[in-house]
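Listed below are the residues making up each chain.
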Amino acid sequence: MKSMPYLYAAYIATWVIHGTYLVILARQYSRIRKEMENLRK
Amino acid sequence: MKRGFTLLALVTALLLSFALYEALIAAPTEQTMGNVQRIFYYHVPSAWTAFVLFLINFVSSVVYLIRRNPKADLLALVSAEVGVVFCTVVIVTGPIWARPVWGIWWAPGDIRLTTTLVLWLIYISYLVLRRFSTSGRTPVVAAVVAIFGALDVPLVYFSIWFFRTQHPSPVIGGGGSLDPRMAHVLLINWAAFMCLAWLFSWTRYELEVAKRQVEEAQALESLLEGSR
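Here the protein sequences line up with chains L and Z, keeping their order. The numbering of the first sequence is our numbering, which starts it at 9 and goes up by one. The numbering of the second sequence is our numbering, which starts it at -7 and goes up by one.
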C-alpha cells in the first residue's frame, strides 16, 4: 500500500509529459495559422 | 486525410482508455513488488515506442544522406522529437519505480540507466541543433548526428543481456518469465502508445510542412519588397 503514491506519480507524470507536448503542438499550430492569415492579407 | 486523422485520434483515445483500465485494474498484481509493478505497463512500452521512433529517425537520416530527399529529413526531425517525448517518459518513470523497489532513485554507473540517459541527451542535442542552427548544411550534420546517436539504441537494449546491472533482465526474449496475462496487458499498452506516437508524428509532420511553406512565402515576400 505504501508504494501506491509512486504508482500514481508515474502515471500522472506520463500524462503530464504527453499533455505538455500536446499543448506545445497546439500553440505551434495557432502561431502558424496566424502567420498564414497575415500572409494572405 | 482529415477523416483518417479523426479516425486515428478516436482509435487512440479508445485504446489508451482500455489500456489504462487493463494496466490498473485487470492485470494481476505482482507478488514481490505489489501494485507499484504496474508502472511496468507504461515504462516498458514507452521505451519500445521510443526505440521504434529512433529507428525511423536512423533510416530517414540514411535515406536523406543518400538521396537528399526533404521528406526523409522531415520524417527524421519528427521521429526524433516524438521519440524524445517517449524517452522522457522512460527517464521519469524509471526512478519513480526504482525508489520503492531498490530503495534509491538512480543507480549511478548502472549501464542500462547510463546508456538510456546518454541516448536521451544525444537526441536532445539533435533537436537543439535542428532548432538553432541556421546553416544550410544543418540537415546533413543532423543526419550524421542521428546515425551516431542510433548506435546507442542497441547498446541500451542489449546492455542488460551482456552486463550485470541493477536493472532487471528482459522479461520477453531474454530468458525471463512473464505471466501471459501481464504480457497481454503490456502489448495492449504498447499498441496504445504506438497509436499515440503515430498521432503526434502525423500532427508534427503537417505542422512542419506548413511552417516551411510559411517560411518560403515570407522569404519570397521580403524578396519582392526588396526589389520594389
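Be aware that one or more of the hints could be misleading.
Taking lysine to any residue and the SDA-like style, the derived pairs with C-alpha atoms no more than 20 Å apart in a straight line are [to be verified]:
1) L:Lys49 x Z:Thr21
2) L:Lys10 x Z:Gly95
3) L:Lys49 x Z:Gln210
4) Z:Lys203 x L:Lys10
5) L:Lys42 x Z:Leu212
6) Z:Lys203 x L:Arg35
7) L:Lys10 x Z:Thr21
8) L:Lys49 x Z:Leu215
9) Z:Lys63 x Z:Lys203
10) Z:Lys203 x L:Glu43
11) Z:Lys(-6) x L:Lys10
12) L:Lys49 x Z:Leu119
13) L:Lys49 x Z:Arg129
14) Z:Lys63 x Z:Thr24
15) Z:Lys203 x Z:Ser214
16) Z:Lys(-6) x L:Lys49
17) Z:Lys203 x Z:Trp94
18) Z:Lys63 x Z:Arg129
19) Z:Lys203 x Z:Gly95
20) Z:Lys63 x Z:Leu215
21) Z:Lys(-6) x L:Gln36
22) L:Lys10 x Z:Trp94
23) L:Lys49 x Z:Gln205
24) L:Lys42 x Z:Glu208
25) Z:Lys203 x Z:Thr130
26) L:Lys10 x Z:Ile48
Quick caveat, the hints were computed from the structure, so don't treat them as lab data.
Verification of the hints:
For the given pair, lysine 49 of chain L sits about 61 Å from threonine 21 of chain Z by alpha-carbon distance, which is inconsistent with the 20 Å threshold. Simply put, lysine 10 of chain L and glycine 95 of chain Z have alpha-carbon atoms about 13 Å apart, close enough for the 20 Å limit, and the pair holds. Restraint check: the Cα-Cα separation between lysine 49 of chain L and glutamine 210 of chain Z comes to about 12 Å, which is no more than 20 Å; the hinted pair holds. Our distance criterion of 20 Å between C-alpha atoms is broken by lysine 203 of chain Z and lysine 10 of chain L, whose separation comes to about 48 Å.
Taking the CA atoms of lysine 42 of chain L and leucine 212 of chain Z, the gap is near 18 Å; set against the 20 Å cutoff, the hint holds. Taking the CA atoms of lysine 203 of chain Z and arginine 35 of chain L, the gap is near 13 Å; set against the 20 Å cutoff, the hint holds. Note on lysine 10 of chain L and threonine 21 of chain Z: the hinted pairing holds, with a Cα-Cα distance of about 15 Å set against a maximum of 20 Å. For the proposed pair lysine 49 of chain L and leucine 215 of chain Z, the alpha carbon gap of about 17 Å is at most 20 Å, so the pair holds.
A threshold of 20 Å between alpha carbons decides the hint, and for lysine 63 of chain Z with lysine 203 of chain Z the separation of about 14 Å falls inside it, so the pair holds. About 9 Å separates the Cα atoms of lysine 203 of chain Z and glutamate 43 of chain L, which keeps this hinted pair within 20 Å; it holds. In summary, the hint linking lysine -6 of chain Z to lysine 10 of chain L is not supported, as the alpha carbons are separated by about 46 Å, beyond the 20 Å threshold. A C-alpha spacing of about 33 Å is found between lysine 49 of chain L and leucine 119 of chain Z, which places the hinted pair above 20 Å, so the restraint is violated.
The suggested pairing of lysine 49 of chain L with arginine 129 of chain Z is violated, with an alpha-carbon distance near 33 Å, which exceeds 20 Å. Distance hint between lysine 63 of chain Z and threonine 24 of chain Z is unfulfilled; the C-alpha atoms sit about 48 Å from each other, more than 20 Å. About 17 Å separates the Cα atoms of lysine 203 of chain Z and serine 214 of chain Z, which keeps this hinted pair within 20 Å; it holds. Our distance criterion of 20 Å between C-alpha atoms is broken by lysine -6 of chain Z and lysine 49 of chain L, whose separation comes to about 26 Å.
A hinted pair counts as satisfied when its Cα atoms are at most 20 Å apart, and lysine 203 of chain Z with tryptophan 94 of chain Z does not qualify at roughly 46 Å. Restraint check for lysine 63 of chain Z and arginine 129 of chain Z: satisfied, since their Cα atoms lie roughly 16 Å apart, inside the 20 Å limit. With a CA separation close to 47 Å, the supplied pair lysine 203 of chain Z and glycine 95 of chain Z exceeds the 20 Å bound. At roughly 26 Å between alpha-carbon atoms, lysine 63 of chain Z and leucine 215 of chain Z are farther apart than 20 Å, so this suggested pair is violated.
The suggested pairing of lysine -6 of chain Z with glutamine 36 of chain L holds, with an alpha-carbon distance near 19 Å, which does not exceed 20 Å. Note on lysine 10 of chain L and tryptophan 94 of chain Z: the hinted pairing holds, with a Cα-Cα distance of about 14 Å set against a maximum of 20 Å. For a cut-off of 20 Å, the pair hint linking lysine 49 of chain L to glutamine 205 of chain Z stands: about 16 Å separates their Cα positions. The straight-line distance between the Cα atoms of lysine 42 of chain L and glutamate 208 of chain Z is roughly 16 Å, inside the 20 Å bound, and the hint therefore holds.
With a C-alpha separation of about 17 Å, the suggested pair lysine 203 of chain Z and threonine 130 of chain Z falls inside the 20 Å cut-off, and the hint holds. This hinted pair does not check out: lysine 10 of chain L and isoleucine 48 of chain Z have alpha carbons roughly 40 Å apart, beyond 20 Å.
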